[in-house]
Every structure is written in C-alpha cells, then in structure tokens.
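Undergrad: So the chains spell out like this:
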Amino acid sequence: MGPLLFWILSAVAVGSALATIVQRSPLSSALTLTLCLVAVAGLFATLSADFLFVIQLLVYAGAVMVLVIYVIMLLNLGDRELKPLGLSRPRTFVSGLVGILLLALLARAQAGAAGISMGDVPDGFGGVRSIAGTLFTSYLYPFEIVSVLLMAALVGVVVLAMKRF
Amino acid sequence: MPAELFMPFVMVLVAALLPLQLLPAMIWAERKVSAFIQDRTGPNRADILGIRLGGVIHSIADVVKLIAKEDMTPSKVNSFYYSLGPFLALFISLIPFSIIPLADTLKIGGAAIPLRAVTLDVGILFILAITSFHVYAVVFAGWASNNSFSLLGGLRSAAQMVSYELGLGLSLVGMIMVAQTLDLNEIVRQQGGTIFGILPAWNVFLQPLGFLIFVVSIFAETNRNPFDLPEGESEIIGFHVEYSSMRFAFFFMGEYIAIIGGSAVVATLFLGGWQVPFFDTEMLRENAMLAARIAFGSTAALCVLLSIILMAYDKKLQALYTDKRRFEARVLLGIVVTLGAGAVGGLLFLPTLSSLGEQIVTAIVQNTFLVGKILLFCFFFIWVRWTLPRFRYDQLMNLGWKTLIPLALLNIFLTGVALVLFDRGA
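Protein chains in written order, with my numbering: chain C, 1 to 165; chain E, 166 to 591.
Don't take each hint at face value.
[Unchecked claim] Sample of chain C residues with no beta-carbon within 12 Å of chain E, all distances over it, derived:
id, residue
1, Val12
2, Val22
3, Gln56
4, Pro90
5, Ala107
6, Ser138
7, Leu149
8, Ala152
9, Val155
10, Gly156
11, Lys163
[Said to hold, decoys possible] Which chain E residues face chain C? A few, computed with CB under 10 Å, are given here:
id, residue
12, Ala194
13, Glu195
14, Ser199
15, Ala200
16, Phe245
17, Tyr246
18, Ser248
19, Phe291
20, Gly307
21, Gly319
22, Met326
23, Glu330
24, Gly334
25, Phe370
26, Phe417
Just so you know, these hints were derived from the structure itself, not from any lab. None of the values given here were measured: they were computed from a predicted structure. Glycine included, every Cβ here is placed at the ideal spot set by N, Cα and C.
Please build the complete structure, drawing on both the sequences and the hints.
TA: Next up, the structure:
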C-alpha cells in the first residue's frame, strides 16, 4: 500500500508542478499548484508526519493559495494581457543552472541518507507533542527570531495599507 | 483479525452516508420549523398514494424536480471551473465526518477498533484545514460563471470565510489549552464526568466564551443567516446565480451538509460528543442489558403513544376526505404497530449479552446521543435563521475582526490565567 500511494502522489505532485509552469492561464496555474501542494501533503501523511500533513493543507493549500487565487480573480486578466510563453537566452541559462544545482543538492541528500536505517518510527513521531518539544527546546532562538521577522512583515503591511486610507 | 481490516471501510461508508441520510430530514425540518415560527402549516401537499407524512414526501418531489430540470451551461463560461465549483462544494463538506468519533473505541480480542474513518492525532487542525477549502468552491463558481453578480458574490463570500476562519481557529485555542490534546476522541473522553457533581464536564461549561465565538464563526463559515450575505437576494443574487438543475442542488446540499458537519463538530468539541451525561463508557458496558431494555422499552412506549395519536388522526381524516388520503393514518398505524411489536419482542426475548454485545449496545447508545446532539444543534441553526435579520456587510466585517478576534484573544488569556491559578496545566 505504501509504495503504491507514494508513486501515485509523486506522479500527481510532479505532473501538477509541471502543469503549473507551462500553462498560460494564471488561474489554472494556481489550481495545479494547489493540487501539487495537496499531493505533497499526502506524501507527508504516508511518512507518518501527521502534523506537517495538516499544516501543509491548512497554511499552503488552505490559506496562501486562496489569497493567490483571490488576487488573480480581482486582476481579471484577459487574453491580451497574457504574453505567450517565451524563453529568453539568459532566463534559460539561469533556470538551467538553478535546476542543476538543485539536482546536485538532492543527489547529495540521497547519498547522505544511504547509511540511515529505515526502521519503525517511535511512538508519537511527527505528532504535535514531539514537534513542539523540539521546536521549543532545541530550536527556541531560531523560532523566536523567525517570529520577529513575521511581526516585522505584519507591521509593514499595516504601514503600507495606512497610506491608502 | 478480520474486524481490523474491514472496519475502516465500513466507517468510511458510514461517514459518507450519515450526513446524506440526515440531509432530507434537515431540509424537511427547515421548512416545517420556518412554517411553525411564521405561524403557517408548511409543506403538506405532495403525496405518494395518499401518504404525505406531514410534508416529508415533499423532499422526494424536490429531488425529482431538480434532476428533471434542464442542466444548462451558459455559453461564455469556463466550463471546467464551472463544473468544479459545485462538486467541490459537496465533496469538501462531506470530509469532516471522516474524523468525528461516532462512539468510544471498541476492544475486540485485545485489538482497539476506533469508530471513525480516519484516526488522526491532529483532528482539530484537520477540521480547520478542510474548512478553509470551502472558499475554493465559492470562488471558482463565482468566477467561472462569467457574471459580475456571481463574481461579486463569490468574492464577498471568500472574504467573509477567510475573515471568520481566524475567529474559528483562535476560539479553539483556549479549549486545546484545557484539553492538552488535538485528538478528537481524547477530547470527547475528557468531557465525561461532572463539574461540582451537577453539570456534565462538557467544554461548553469550561469554555463558554470560546463556545460563543466558535458558534458565531461556524454560522459565518456555513454562510448561514444572519451571515448569509453571499446569497443576499435583495442586494446581489450570489455566486450560484448561473447554475441550474443538479449543479445548483450540489451547492444546496453542500450548504446543508456543512451545517450538519458544523453541528457535529460543535457537538464533539463542546457538547461532549458521544458522551452520555453522567454515564461513562465502563458504566454503560456494565449495564448494557439494562440499557438495551430501556431502549426497547422506550421504543415500545413511543409506538403506543404514536398509535394513540394516529388513531385520533384517522378519525379526523375519515371525517374530512373521501379519496385515498383517508387511508394515510391506517398505513402509518400498521408500520408503527409492527415496529412496536418488534420492540416488545426484543424486550421479551433479549438474550444475555456477550462482552462484544455489551460493547455494541454501548456504541449504539453513545451514537444515538451524538446524533441527538447534532440534530439539536441543527435545530438551533434553523431557529436562528428564522429569527434574526441579515447583517450588513460592514457590520459583518466589524464583528469578525474587531469583536470576535479580540474576544478570542481575551479567552486565550483568561484560560491561561485560570490554568496557572488552578494548576491544571502542570
């Protein structure tokens, strides 16, 4: 059951990610991106990372993508505004370079994971309790710094919006 | 163990069918309660062979009408997104039932069998995640219809849902702090027992403010009156103006299933879920024989009562009509008498229950209480709809952002203070 689910979800994720970048209509791109995020959430679920599965659905598919689609609809782009897909030379070069680098990174991660045993996970793995325990003990300072960053972003939004009204 | 293998499939089926079973009852109740509140009779004409069942048959007439209508797709719409909207609306509203525990976990031969389709430790977050998906259905329907009113309705609705999701999530934080878990069955189990020996220890008594905010937010999330602005007929017609036939019906069904689902979530989180007040699972299992006897006995008593009412009704019908409507009460009387005879038979020939039988009886009793709580809250939804007028849009946004969210934050603070003072967290 596990490998089958993995292959199906991976195929959906990769296919929809591809569809996101090749489609012209921004709304279709957003929808396929949502599908990709949901498929990745499914992959988290098969890895018994329950908390990440739900957070992926809640934050990315449920909140971020809804806002993206909301904005796309408000813009109401017609056929005239949408330029055909063109690949200029520098853009192709940069994207290709980034792609190769990412692939190298993945290969390195794969090589690093070779020695790790794939036994059963301990009880409560990937649940709220274990993640919260790690987050609020070992990684407390990074967590607090990130929250300050988010706070700054929020204040920035308020300042930007204040000028208009 | 075979039960472990097939029970998840059975539970998925139950989780899908329970709301679909409650749906026609809900629509009938909406009509009858609205009629009662406005001092009317309500639907009572549609019949099959003279049997009207006080308007229940009207739901069948509705379904026939909706299926038989022409299913139109306007020529200038984006047909993929146009079809996606109603399907999403129905599908997403069905999902929360997969996670609601229908009764306490069964124990068969050492194996625990949870009576819910999906066993997830983070049940509350999953419900919040699925709630946020409702926006897609509304937004796609509104945008794909290629109609300014639809788009306006869809955007309004999306803004409303996104705004009230914040209140929905924050109102639960206090409850999670008290419960110390996100698992729904565990939360229900903690709501057993009593406070001061009088009140059942339901979260509604521990978290009254959180309950209030959650209920108001659920009303807004399900687009129900007094927050039914997405469909405000007098201003804009709403995101489903271009839909007809079954695709319109899907929105309609999705809305009602969302109401039933919202009631189920409220019942589970705040009203004790499957907990029978004052009787915990062990007590029920020990007294399963007595519980079964009471269930059969009360069914029989109810049947006797119904028979008396039906006999009086029959006398009235005989005096009023000469056509086949005369026989309605007699047919119903036959059904009620058969049911009552079955109940009496069950009462007389009840075998001594095995351990498994005791657990099943307990599960049935607990499930009956859960469904009862769900129906009670559904009634509350209908009651509010026909009592309160609709909010204006700015009032709606002010209520959501400037009242509910600060109140929810206050609730978190108060809960934290209470936990520190009474030392429950440590």
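Undergrad: If a hint holds in the structure, say so; if it does not, say that too.
TA: Right, here's what the structure says about each hint:
1. Val12: Label holds. Min Cβ-Cβ 16 Å, cutoff 12 Å.
2. Val22: The claim stands: C/Val22 keeps its Cβ more than 12 Å from every Cβ of chain E (closest is about 17 Å).
3. Gln56: violated (9 Å)
4. Pro90: holds (35 Å)
5. Ala107: The claim holds: C/Ala107 sits with its nearest Cβ about 33 Å from chain E, beyond 12 Å.
6. Ser138: holds (21 Å)
7. Leu149: For C/Leu149, whose nearest Cβ neighbour in chain E is about 20 Å away, the distance exceeds 12 Å, so it holds.
8. Ala152: holds (20 Å)
9. Val155: At about 17 Å from chain E, C/Val155 clears the 12 Å cut-off, so the statement holds.
10. Gly156: holds (19 Å)
11. Lys163: holds (20 Å)
12. Ala194: With Cβ-Cβ at 31 Å, over 10 Å, it is violated.
13. Glu195: violated (29 Å)
14. Ser199: The hint is violated - E/Ser199 has no Cβ within 10 Å of chain C, the shortest such distance being about 33 Å.
15. Ala200: The hint is violated - E/Ala200 has no Cβ within 10 Å of chain C, the shortest such distance being about 38 Å.
16. Phe245: Result: holds, 8 Å to nearest chain C Cβ.
17. Tyr246: holds (7 Å)
18. Ser248: violated (13 Å)
19. Phe291: With Cβ-Cβ at 5 Å, under 10 Å, it holds.
20. Gly307: holds (8 Å)
21. Gly319: Cβ of E/Gly319 sits 8 Å from chain C, so the hint holds.
22. Met326: holds (9 Å)
23. Glu330: holds (8 Å)
24. Gly334: holds (9 Å)
25. Phe370: E/Phe370 check fails; min Cβ-Cβ to chain C is 25 Å, beyond 10 Å.
26. Phe417: violated (23 Å)
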